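A.B. asks: These protein sequence lines map, in sequence, to chains A and B. The working numbering numbers the first residue of the first sequence as 1 and each following residue consecutively. The working numbering numbers the first residue of the second sequence as 115 and each following residue consecutively.
Calculated directly from the structure, the hints in this document are not laboratory data. One thing to keep in mind: the hints can contain errors.
[What the hints assert, rightly or not] Distance ranges between label pairs, derived from CB positions:
no., chain 1, residue 1, chain 2, residue 2, range
1, A, K15, B, E156, 23 to 31 Å
2, B, S209, A, S53, 15 to 23 Å
3, B, S209, A, G3, 36 to 44 Å
[To be verified] Computed footprint of chain A on chain B, listed as stretches where at least three residues anywhere in the stretch have a Cβ under 8 Å from a Cβ of chain A:
no., segment
4, 133-140
5, 171-184
Since we're looking at a predicted model, the values are computed, not measured. We put the CB at the ideal spot given by N, CA and C, even for glycine.
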Amino acid sequence: GAGVSQSPSNKVTEKGKDVELRCDPISGHTALYWYRQSLGQGLEFLIYFQGNSAPDKSGLPSDRFSAERTGGSVSTLTIQRTQQEDSAVYLCASSLVPSYNEQFFGPGTRLTVL
Amino acid sequence: DQQVKQNSPSLSVQEGRISILNCDYTNSMFDYFLWYKKYPAEGPTFLISISSIKDKNEDGRFTVFLNKSAKHLSLHIVPSQPGDSAVYFCAASQSGNNNDMRFGAGTRLTVKP
C-alpha cells in the first residue's frame with residue numbers, strides 16, 4: 001500500500017457500545033501514532049507505538065480507551081462503552097523513526113456516538 | 115493545555131497574493147516545528163519544517179519563519195494559488211520527538227481566484 005490506511009472511514013454507534021478502529025501504517029515504519037480531532041480543536045495526541053510497544057499511554061483520555069499493535073504493523077484503537085464526547089475524527093499516523101521525521105497520516109475515521 | 119496556538123481560525127486571500135499563517139507557542143523547550151496541510155476527508159500531509167537553530171526555511175513557494183524570542187512562527191505562501199485552499203496545522207516538539215508533538219487548532223485558508 002502506498003500510504004496509511006484506516007478503517008472504517010465512518011462509524012456511527014450508540015452510546016454505550018464498543019468500537020474498534022483499525023490502522024494500517026506504511027510498511028517499514030516503526031513508529032505509529034493515534035490522534036483525535038474534535039470539532040474546532042487541534043490534533044490531540046492519544047498514544048504512540050515503537051514497534052509493538054507503547055511506552056507512553058498517558059494521552060489516552062480514559063480507561064475506556066485502549067490500543068494495541070501486532071507484528072509491528074496493524075494497530076487497533078478500541079473504545080469501550082462509548083460516550084457522546086468520544087465523537088471525533090480519529091487519525092492514525094506512522095513515521096520511519098520516531099523523531100525528526102515527518103509523520104504520514106491516514107484519512108481518519110469519523111466516529112459519531114449518538 | 116494549549117501549548118501551540120493558531121489564533122486565526124480562517125484566512126482568505128486573493129490568488130497571486132501572499133498568505134501569512136501565524137502560530138504561537140508557550141513551551142520554550144520546543145525546538146522543532148512543522149506545518150501540515152489538510153484537505154477535506156484526507157489526513158494532514160507534511161509541508162515544511164524548521165529546527166530552532168534556524169530562523170528561516172524555504173521550499174519553493176513556502177517559507178517558514180521562526181522567532182524564538184517571541185515564540186512565534188509563520189508560514190508564508192507566495193504566490194498563493196487556489197489549490198492551496200486547505201486547513202494548515204502548526205506543530206511543535208522537543209528534540210523532534212513525534213510522540214511529544216503538539217498541534218495547533220488549524221487555520222482554514224481560502225485562496226480566491
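A.B. asks: Does the beta carbon distance between S209 (chain B) and G3 (chain A) stay inside 36 to 44 Å, or does it fall outside?
C.D. replies: 27 Å, violated
A.B. asks: At a Cβ distance under 8 Å, does chain A reach at least three residues of the segment 171-184 of chain B?
C.D. replies: violated (count 0)
A.B. asks: Given the hint of 23 to 31 Å, check if K15 (chain A) and E156 (chain B) actually sit that far apart at their C-beta atoms.
C.D. replies: 29 Å, holds
A.B. asks: Okay, S209 (chain B) versus S53 (chain A) on CB: inside 15 to 23 Å?
C.D. replies: 19 Å, holds
A.B. asks: Please verify the coverage claim for the segment 133-140 of chain B: does it have three or more residues whose C-beta sits within 8 Å of some C-beta in chain A?
C.D. replies: Contact hint for the segment 133-140 of chain B vs chain A: violated, 0 residues under 8 Å.
Going through the hint list in order, the structure does not satisfy hints 3, 4 and 5.
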